[in-house]
Structures are given as C-alpha cells and as structure tokens.
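Chemist: Take each chain as given, in its own frame, and dock them per the hints.
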Amino acid sequence: MSATAEQHSRIEVPDFTPVERAIINRLQTGLPLTRTPYKDVAEEIGMTEQDLLDHLKALLANGTLTRFGPMFHAGEMGGDLTLAAMRIPEQDFERVTEQVNRFDEVAHNYRREHELNMWFVLATETPEAIADTISQIEDLTGYPVYNMPKEQEFHVHLHFPI
Amino acid sequence: MSTSTSRSDHQLCDRDRELILATQGGLPLVPDPWAELGHQLAMPADEVLARFQRMQETGIIRRVAAVPDHYKLGYRFNGMTVWDVRDEAITELGKKVGELPFVSHCYRRPRHLPYWSYNLFAMVHGTSRDEVENKAQQIRELLGASCSGHTILYSSAILKKTGLRLRK
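As you go down the protein sequences, you meet chains C and Z in turn.
Quick note on this note's numbering: the first sequence kicks off at 1 and runs consecutively.
Quick note on this note's numbering: the second sequence kicks off at 1001 and runs consecutively.
Isolated chain Z (complex conformation) (with noise of 0.2 Å):
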C-alpha cells in the first residue's frame, strides 16, 4: 500500500508522444498492431513494442485495457462514498478502507467550505443500491468516532468517457 502524488518528472519524447496521439482512442485490433502502427509512423514493429514496454514499466501506460461500460456490465449503481475524517487520523484509515475488497478508488481530496465538508472518496460498485449502502456502512464501522459525516453520491449518467486526449 502507498501514498504518491501525481507527478513526476518524466518528459514525453517525440516519438512517444506520436504512439500516444495514434492510440488514445484504442489499439488497432488486427494482429499485429505493432506493424499497424509502425507502418502508421514509419517506425520499425520492434520499437513501437519496445516503447510501450518503456512506458508500461515507468508508468505512463497503466494497462492496455478493456474499459467497460460498468452500467452494461450489470454495475449500476455506482457510488462516490465521501467521508468527512478527522485531519489527524485520515492517513491511517484511508489506507484501511482502501485496503476493503469493493472499494476501487481511495483517495483523500480537500474540502470547500462551506460546500463541501468531505475530504476522503472511496468509490464502490454495485448492482442494487442496497448493495453499495451495505458495502457503505461498512466504510462508516471502520471510520468510527474519526468521522462526522458522509454521504454518497450515486452517478446517473455518464456524460463523457473518452479517457486522456493528448492536444494535437
């Protein structure tokens, strides 16, 4: 389990930056992308492979991934849980919800006063809402007296999900 920032030092190089402009909308799906894309940037298979390995090792590529539609998976009832916790204890149980099996993101953020008073986010999945208020109050047990608030917020519609464009 680790905290990080977001950041970090690396710059994009040209060439990565092309194989990142050709695949942010998704990977060709013949057999050998690799030659796809190659033939695409006048770049030998071999070194668009050997760069995504690069990129995949130092972070900048997560995964090569399926992203699903969680709603057409079943998954619909997708709720943004956000606890108000005590500044002083939000390390120590932020790790311990994250570490719960049905949270998938955990993460602290900082409040808006007086709008927004909630400064830890555990995101949870189901497929009834009693599902995710179960899987909730879970969350709420653990946090104990260390928490003065909470609510969840349940998406219901998905307006955009692209993923990262880079700006050509």
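Okay, chain C solo, but in the shape it has when bound (with noise of 0.2 Å):
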C-alpha cells in the first residue's frame, strides 16, 4: 500500500464546544418537518433559535458542514443512481477531476488510494441519463468508466457521533 496523505498529516483532535456538538449530532439525524422546525429542536437542545442558526450558519461557512438542506433520493424520483470507479494515471489527476466534476449529475466524487482511484456517485433525474452521463464522461476524459450500480441494498445509516 503506498504512502497516503492521511498517513502523514497530523491527527487534529477536532475542538467542538458542548453546543457544536449537541447541534451537528441532533442536526444529522433530521430536522422536524414542523411548521417551527428551528425553533423546536433550538428548545430540544436548549438554546435559542437565533443562536441554533448563528452557529448552524458558522459551522457551514467553516466548512464542519458540508450542506444543510434535504437529502433527495434520485431513485425514489423517478431517476437513478450508481457508483462508478476510474483508473486515472497521476498526470492526469487533476485534468479528469475537473471535467468530471463539471457534471451535475456527479454528486460526490472521492479520491481512493487503489488503481481505481476515483470514485463518484452519479444521481440523475431519469434512469436513461444514467448511460448517458458515463459515456459523455468516457468521451471528455478519454478514460473508461467502471459502473457499479446497486444490486443489494443490505443497510444504510450514515451518522458521525461526535
């Protein structure tokens, strides 16, 4: 296995304050579809709805948060998602990143430490586009694309505790 950057960066031990913590763990599991949800969970976690999105606000224009907002389900619309993996060599890295990630239908897109070493979702809004999408990115990056669309769904729960 070759060396990686997160072998050799620092562990930082993240510094959240009691209320980060409370807000980012309470945030993950979903906002009440009420007709006041910020003001209900900011009295769940006990503090005011002003402050709740003061800090939410802060924790995404630093970055803790990626995104706050709906979770949208591409096959549940009427559309599709997949997994789909590339063998891209070093001199070309960063070339591909950028014309794959031009894409909207690539939701994320992760650098993997294996001879497959990018990997992205693409979701889309109709089944077909899915086809679609892989060949104009074969096309643009001159790199074939491995497809590797669910076949089992076995579990899905994604949480970070802090």
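Do not rely on the hints blindly, as some may be mistaken.
Claimed, not checked - Only pairs whose alpha carbons sit at most 25 Å apart, straight line, appear in this in silico BS3-like list of lysine-lysine: (1) K57(C) / K1072(Z); (2) K1072(Z) / K1161(Z); (3) K57(C) / K1096(Z); (4) K57(C) / K39(C).
Since the hints were derived computationally from the structure, they do not count as laboratory data.
Modeler: Spelled out as structure tokens, the structure:
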C-alpha cells in the first residue's frame, strides 16, 4: 500500500464546544418538518432559535458542515443513482477531476488509494441519464468508467457522533 | 432489514421539482424557512411544508439534515471495505455485515473482471487506520470461507460533495 496524505498528516482532535456538538449530532438525524423547525430543535437542545441559526451558519461557513438541507433520493424521484470508478494516471488526475466534477450529475467524488483511484456517485433525474452521463464522461476524459450500480442494499445508516 | 432496488415509479410534479431546485443548495436559515421558500416560489407556506412532508413520506427526501465533512469531525479514516463473496452466500452474509453497528452503508455491486473482483461493499469510518482495520477484521471473520479476497480503499481527498443537483 502506498503512503497517503492521511498517514502523514497530523491527526487533529476536533475542538467543538458542547453546543456545537449538540447541534452537529442532533441535525444529522433530521430536522422535524413542523411549522417552526428551528425553534423546536433549539428548544430541544436548550438554546435560542437565533443562536441555533447563527451556529449553523458558522458551521457551514467554516466547512464543518458541507450542506444543510433536504437529502434527496434520486431513485424515488423516478431517476437513478450509481457508483462509478475510474483508473486515472497521476499526470492526468487533476484534469480529469475538473472534467468529472463539472457534471451536475456527479453528486460526490472521492480520491481513493487504489489502482481505481477515482470514485464518484452519479444521481440523475431519469434512469437513462446514467448511461448517457457515463458515455459523456468517457468521451470527455478519454478513460473508461466502471459502473457499479447497487444490486442489493443491505443497510444505510450514516451518522457520525462526536 | 430490507433489500431494495433504487428505482420507483414516482414522477416529480412541477411544483415539487421547483422546491427541489430551490433547496438543493440548502434550506433557508431563517426562522420560517417554509414562508421564505413560499415567497420565492409564490406558494403558500403551508403548501411548502405539506409538500416537504409528503416528499419525506414517499422517500423522495430521506431527511432534512446536516451533512458533515467527516474529516473535520475527526473521522479521518474513511475505508471502503470491499469483499469477493460467493454469489450463493451474498444475500445472507450481506445482511449480517449490514447489521454490524460500525457499517454505515452496505451494498452488493457487480464485479468487473479481471480488474475488479469484489461484489460486497461495506463503508467503515474511523479515527485511525487501526480502528478501520480492526473493524474490517470483524467483517472478515463473519464472512469466513465464503470470502476469497478483500481490500480496503481509503479516501485521501474529497474531490466533490454537493449532493444531488437537478439540471435546470
């Protein structure tokens, strides 16, 4: 296994205040869909609504949170989603990253330490758009895309307690 | 525990689609987000809320939530563990792997021989490489003789993380 950036970077212990921890933990599980959702969560945590909104804006501004909002499911919208991988030589990695990320259909993209070193999720509004997008990416970048749609789902539970 | 495919027969109506376009970057951070969206889209606040509730019930919206940068929360090691599992055993074993508390996603996916022989994917996060490897070892023991190979792909950079975006 090759050395990675992660191995060499110092592990920083995140330094969140108890209030920030409460907000991050609570809001990963979902905002209640009530008439006053922020007020309800703020009361639950024991803070004012304005305080919650200010903290939330700050956590988004400093990049602790990448997003706050509805998490959509492309499949349930009548569209589709898939995981795809590419094998990109180092000298082309930056160019291909830029080309792949330009597609709205690319919801996220990770560099991984493997011969297949680029892994991205495609989410599209129609099922047909998956294949179209893959062939556009292949044409644009000049590299094959390995499509790995899920065939069975055993579990999804994404929560990072801090 | 259920297995499912990713498709459904739902069709997005135009009003729901407008709401998705208006919120795919995020929900307004104001005391009354429904009224704020209603103002933008010329829709009563109660209708905005009712449409959100319905979209969540039908699964179009999984939840309205914070998406963290897991690196910044201290989860610096994001290991995609991948396993070559006998096709006849994968349904039973995939469910067991999915039930492990430290597995956040678990899917069966196609092989791409000869480059890619792994058909079971289990995402494991940890604060150290050792932690991820100890967890992978527990999966290895669970899979036993039905598994003929595995590896762990660590992420070394988030290249993009915007979530779903509809084309306008």
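Chemist: Would you mind marking each hint as holding or not holding in the structure?
Modeler: Outcome of the hint check:
1. Straight-line distance between C-alpha atoms of K57(C) and K1072(Z) comes to about 16 Å, which keeps the hinted pair within the 25 Å bound.
2. Between the alpha carbons of K1072(Z) and K1161(Z) the distance comes to roughly 14 Å, so the proposed pair stays at or under 25 Å and holds.
3. About 39 Å separates the Cα atoms of K57(C) and K1096(Z), which puts this hinted pair outside 25 Å; it is violated.
4. A threshold of 25 Å between alpha carbons decides the hint, and for K57(C) with K39(C) the separation of about 15 Å falls inside it, so the pair holds.
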